[in-house]
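Undergrad: Sequence:
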Amino acid sequence: MGKRRKADNINPKKQLKKQGTAYYNREQEINYLLNKFTNAVYNPNFNLQNIKSYKQINEIRMKLKKLFDQQGDIVWKKSAKRRRIYDEQLSKFKVVYTRWKSETYITYLNVNFDVPEHLNPILSMKRS
Numbered sequence: 001m002g003k004r005r006k007a008d009n010i011n012p013k014k015q016l017k018k019q020g021t022a023y024y025n026r027e028q029e030i031n032y033l034l035n036k037f038t039n040a041v042y043n044p045n046f047n048l049q050n051i052k053s054y055k056q057i058n059e060i061r062m063k064l065k066k067l068f069d070q071q072g073d074i075v076w077k078k079s080a081k082r083r084r085i086y087d088e089q090l091s092k093f094k095v096v097y098t099r100w101k102s103e104t105y106i107t108y109l110n111v112n113f114d115v116p117e118h119l120n121p122i123l124s125m126k127r128s
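All residue numbers for the sequence shown refer to UniProt numbering, where the first residue is 1 and numbers rise by one.
In case anyone wonders, no lab produced these hints; they're calculated from the structure. Each residue gets a CB set at the ideal place from its N, CA and C atoms; glycine is no exception. Mixed in with the good hints there might be a few duds.
[As the list claims (entries may be wrong)] Dumping the calculated BS3-like pairs for lysine-lysine here, alpha-carbon to alpha-carbon at most 25 Å:
hint	residue 1	residue 2
1	65	55
2	78	55
3	36	92
4	66	101
5	101	65
6	63	77
7	92	65
8	55	81
9	65	77
10	63	78
11	92	66
12	77	55
13	36	77
14	92	81
15	81	66
16	55	101
17	92	55
18	52	36
19	63	52
20	52	66
21	77	66
22	77	52
23	78	66
24	52	101
25	94	65
[As the list claims (entries may be wrong)] What follows is a set of in silico ranges between Cβ atoms, one per label pair, in the way DEER data are often shown:
hint	residue 1	residue 2	range
26	42	20	28 to 34 Å
27	51	81	40 to 46 Å
28	115	94	38 to 44 Å
29	32	74	27 to 33 Å
30	84	105	15 to 21 Å
31	109	65	17 to 23 Å
Work out the full structure: start from the sequences and follow the hints.
TA: Structure (structure tokens):
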């Protein structure tokens, strides 16, 4: 009979997952920021048209883009499971970003180009 495996009885031949690596830490930060970004966009009590909240979410978006760029170069050398997780994270980000971008287009114009709402009747109709 073989030796039974218990929770504290670790197979010495099995490699443990390295949880302190930069890759793992970036993946954790991507998950955290992605959840924060998603919650802010889909929260009905969060005012997306506010300039302060727009800048706050835009900062989170830029951090996510930077992390995805760093992770993307490394992920193709990892296993298929890691690539699938990366693809799922990226597709979730793209879906949420598209919704956020469409809802905050007026604020984007106001912040970046100082286009007042009353000068563009199409924007004022879209907002109401």
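Undergrad: Checking one constraint from the list: CA of residue 55 to CA of residue 101, max 25 Å. Satisfied?
TA: holds (12 Å)
Undergrad: Measure nothing beyond the straight line between the CA atoms of residue 101 and residue 65; if it is 25 Å or shorter, mark the hint as holding.
TA: Given that 25 Å is the threshold and the Cα spacing comes to 14 Å, the pair holds.
Undergrad: Would you mind confirming whether the straight-line C-alpha gap from residue 63 to residue 77 stays at or under 25 Å?
TA: Within the cut-off at roughly 23 Å; holds.
Undergrad: Can you tell me whether the CB distance of residue 109 to residue 65 sits inside 17 to 23 Å?
TA: With Cβ atoms ~21 Å apart, the hint holds.
Undergrad: Between residue 65 and residue 55, is the straight-line Cα distance small enough, at 25 Å or below?
TA: holds (15 Å)
Undergrad: Hinted pair, alpha-carbon criterion (25 Å max): residue 77, residue 66. Please report holds or violated.
TA: Satisfied, since the Cα-Cα distance of roughly 19 Å is no more than 25 Å.
Undergrad: Please work out if residue 52 and residue 66 have their alpha carbons no farther apart than 25 Å.
TA: Given that 25 Å is the threshold and the Cα spacing comes to 22 Å, the pair holds.
Undergrad: Verify the proposed pairing of residue 63 with residue 78, using a straight-line Cα cut of 25 Å.
TA: holds (23 Å)
Undergrad: Measure nothing beyond the straight line between the CA atoms of residue 52 and residue 101; if it is 25 Å or shorter, mark the hint as holding.
TA: holds (15 Å)
Undergrad: Taking the beta carbons of residue 32 and residue 74, is their distance inside 27 to 33 Å?
TA: violated (19 Å)
Undergrad: Given the hint that residue 78 pairs with residue 66, does the C-alpha gap stay at or below 25 Å?
TA: holds (19 Å)
Undergrad: Assuming the hint says 15 to 21 Å, is it satisfied by the Cβ distance from residue 84 to residue 105 or not?
TA: Cβ of residue 84 to Cβ of residue 105: about 32 Å, so the range 15 to 21 Å is violated.
Hint compliance for this structure: hints 2, 8, 12, 13, 22, 28, 29 and 30 are not met, and every other hint is.
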